[in-house]
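Peer 1: The primary structure of each chain is shown beneath.
2 protein chains.
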Amino acid sequence: MKRMTDEKSLIQKIERFFETRQVKGVSAPPGDDASLWVPRSGYETILTCDWFLEGSHFLREKHPADAVGWKCLARAVSDVAAMGGEPRCFLLSLALPVSLTGQWMSGFLKGLRRASWKLGCELAGGDTTNRDQVLISVTVIGEVRRGRAILRSGARPGDFVYVSGTLGEADLGLEQLRNKSNKRTSMNGALRKHLYPEPRLELGQWLARNSLASAMMDVSDGVSTDLPRICEASGVGAKIEIDALPLSRLTNRRKAQELALHGGDEYELLFTVKKKDAERVPGKFRGLPLTRIGELTRGNKIVVVENGASRTLAPGGWDPFREATKR
Amino acid sequence: MKRMTDEKSLIQKIERFFETRQVKGVSAPPGDDASLWVPRSGYETILTCDWFLEGSHFLREKHPADAVGWKCLARAVSDVAAMGGEPRCFLLSLALPVSLTGQWMSGFLKGLRRASWKLGCELAGGDTTNRDQVLISVTVIGEVRRGRAILRSGARPGDFVYVSGTLGEADLGLEQLRNKSNKRTSMNGALRKHLYPEPRLELGQWLARNSLASAMMDVSDGVSTDLPRICEASGVGAKIEIDALPLSRLTNRRKAQELALHGGDEYELLFTVKKKDAERVPGKFRGLPLTRIGELTRGNKIVVVENGASRTLAPGGWDPFREATKR
Numbered sequence: 015m016k017r018m019t020d021e022k023s024l025i026q027k028i029e030r031f032f033e034t035r036q037v038k039g040v041s042a043p044p045g046d047d048a049s050l051w052v053p054r055s056g057y058e059t060i061l062t063c064d065w066f067l068e069g070s071h072f073l074r075e076k077h078p079a080d081a082v083g084w085k086c087l088a089r090a091v092s093d094v095a096a097m098g099g100e101p102r103c104f105l106l107s108l109a110l111p112v113s114l115t116g117q118w119m120s121g122f123l124k125g126l127r128r129a130s131w132k133l134g135c136e137l138a139g140g141d142t143t144n145r146d147q148v149l150i151s152v153t154v155i156g157e158v159r160r161g162r163a164i165l166r167s168g169a170r171p172g173d174f175v176y177v178s179g180t181l182g183e184a185d186l187g188l189e190q191l192r193n194k195s196n197k198r199t200s201m202n203g204a205l206r207k208h209l210y211p212e213p214r215l216e217l218g219q220w221l222a223r224n225s226l227a228s229a230m231m232d233v234s235d236g237v238s239t240d241l242p243r244i245c246e247a248s249g250v251g252a253k254i255e256i257d258a259l260p261l262s263r264l265t266n267r268r269k270a271q272e273l274a275l276h277g278g279d280e281y282e283l284l285f286t287v288k289k290k291d292a293e294r295v296p297g298k299f300r301g302l303p304l305t306r307i308g309e310l311t312r313g314n315k316i317v318v319v320e321n322g323a324s325r326t327l328a329p330g331g332w333d334p335f336r337e338a339t340k341r
Numbered sequence: 015m016k017r018m019t020d021e022k023s024l025i026q027k028i029e030r031f032f033e034t035r036q037v038k039g040v041s042a043p044p045g046d047d048a049s050l051w052v053p054r055s056g057y058e059t060i061l062t063c064d065w066f067l068e069g070s071h072f073l074r075e076k077h078p079a080d081a082v083g084w085k086c087l088a089r090a091v092s093d094v095a096a097m098g099g100e101p102r103c104f105l106l107s108l109a110l111p112v113s114l115t116g117q118w119m120s121g122f123l124k125g126l127r128r129a130s131w132k133l134g135c136e137l138a139g140g141d142t143t144n145r146d147q148v149l150i151s152v153t154v155i156g157e158v159r160r161g162r163a164i165l166r167s168g169a170r171p172g173d174f175v176y177v178s179g180t181l182g183e184a185d186l187g188l189e190q191l192r193n194k195s196n197k198r199t200s201m202n203g204a205l206r207k208h209l210y211p212e213p214r215l216e217l218g219q220w221l222a223r224n225s226l227a228s229a230m231m232d233v234s235d236g237v238s239t240d241l242p243r244i245c246e247a248s249g250v251g252a253k254i255e256i257d258a259l260p261l262s263r264l265t266n267r268r269k270a271q272e273l274a275l276h277g278g279d280e281y282e283l284l285f286t287v288k289k290k291d292a293e294r295v296p297g298k299f300r301g302l303p304l305t306r307i308g309e310l311t312r313g314n315k316i317v318v319v320e321n322g323a324s325r326t327l328a329p330g331g332w333d334p335f336r337e338a339t340k341r
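Residue numbers (the working numbering), protein chains in the order written: chain A, 15 to 341; chain B, 15 to 341.
Note that these hints are calculated values from the structure, not bench results.
Since we're looking at a predicted model, the values are computed, not measured.
Each hint should be verified, as a subset may be incorrect.
Which copy is meant is left open, so a pair is good if it fits within one copy or across any two.
Once the Cα atoms are required to be at most 20 Å apart in a straight line, the calculated EDC-like pairs of lysine to aspartate or glutamate come out as [stated by the list, open to error]: (1) K298 with E320; (2) K132 with E189; (3) K22 with E246; (4) K27 with E246; (5) K298 with D146; (6) K298 with E33; (7) K132 with E216; (8) K269 with E75; (9) K288 with E255.
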């Protein structure tokens, strides 16, 4: 497969994959200085960007190229889901070595395109350059009806805390991937969740449309790191029941509990609901379990209840700067 | 100065610099999953992103931190200027070593804030992570009245070609910076243009408001690389008069001509005007020279005329992938 040795042919390769001449709502041709986006009236625009860096967020020798493509977009789209919004288009900042502009890049673009189609989020532009490692930054543009976005700051004491899906499997998948000797490993639920996470767009939009969630975010760094963010933004504390956590069945109970509290990279939705609205939250939403894991309290303490005893929940999720200083 | 060792305090440091709680048109508090932007009715949204990477786009030991901050935003805003738009807000993706989160980062944020104030483009959000080198990707969101954006594709044979300011000084400034032994070097016009480029926002908006330019872009990679982009998008050729180029007086004539044709990193505007509108283009716009350097032709050839003889203009500007394969 041909390696691209100038920026123009690289951009043309990206355009061929995406047929960017037909992007809905985008009125500038690709390759112009910037993209022109026509916002819908009555909507607010959601803006979010996410790093996805070789060595920090993925390992080139372990992660298949198409999973890198899928995940870099999916995790940025997850921030739109966490607001109850709809993704519209994205900008791709891509830096990579010339040696990867052939087969690796094609695999990457296939995964990215699959995510783009599945998530309804079209390529609107970007920037490419040469670098010795693969560097990706994705900016996603979404929309939500004016005043309907669900923020982190709307929770009140007494609200119930919910989470979608099961927790901890993405970290389990990463562990499996690290221990495998090559890329061709059998795909199970945990590995799939690590490599090809699915942003909970439909759930987020349903919660926003029905004004059901008082606060919401996605579990990107682990419940023990992310729940305090909702609590701080809303000025509340929380009490989590460890027996209520939706655990993975792919490992033993103790490990599954640890992973459910501290495992990151999940992209499940963590949301709060007023007690009076709790009966409107189904046990499953279109097949996806919704689990009440605790409730919010006055003050600012966050505790876990296990066998009737409470202990403080210490953040154990991933923080790139904490990790760096530990080394 | 304190070094930041977790992501939260890093984000708080950025917020303190920018007082992001007061961003006009942005309705989500900083630190939420994404930013909420309220577009103005009757306007289209301009979206653009730009890499600014240590080692590729700047040298940490040569470029002052505040120039890195200024320039990473200014060059992305320049793409908005090149469409005739107004910048509104930006997202900052920043990766850096823990060791730079003290003094270096403060300098960086000061330069970034100065650009933000000067250019009317406020910080709306972003993503931070740890990395052994400084990696920056800036996404700028701008606006332009619906249908008024100036694209690269609107030029026609017979249109005149104009450029703002003088050409080639930014590259001259880079050369000066490389040859200096430390960061404290006397500031002249060339060095200033390299370190603190000023996007031509007012000129771009004036040309758009008055429907004067048939096509426009900014000179980021050099006239010899950028003019062919307008020509290709518009399906035209061009004839440039070498004696018409607005040269720098800071070097000898021959070198100044080379730099004017091939020097990148300029952020001057390159635009085309229909012959019948040419009398409406002033020699200076608010002190900034506007120079007619040639005209567009049928076909697809791009030639330079010197002493009555024509030669083909070969792209000599910067291409990150071409540079990489040369090594």
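Peer 1: Against this structure, judge whether each hint is valid.
Peer 2: Here's how the hints hold up against the structure:
1. K298 with E320: Classified as neither: same-chain Cα gap 25 Å, cross-chain 75 Å, threshold 20 Å.
2. K132 with E189: For K132 and E189, neither the intra-copy (27 Å) nor the inter-copy (48 Å) Cα distance is at most 20 Å.
3. K22 with E246: Between copies, since 12 Å is at most 20 Å while 47 Å is not.
4. K27 with E246: For K27 and E246, the Cα distance is within 20 Å only across copies (17 Å; inside one copy 45 Å).
5. K298 with D146: neither (46 Å within a copy, 44 Å between copies)
6. K298 with E33: neither (37 Å within a copy, 41 Å between copies)
7. K132 with E216: within (12 Å within a copy, 41 Å between copies)
8. K269 with E75: For K269 and E75, neither the intra-copy (27 Å) nor the inter-copy (47 Å) Cα distance is at most 20 Å.
9. K288 with E255: Answer is within: at 18 Å inside a copy they meet the 20 Å cutoff, but 72 Å across does not.
Hint compliance for this structure: hints 1, 2, 5, 6, 8 are broken, all remaining hints hold.
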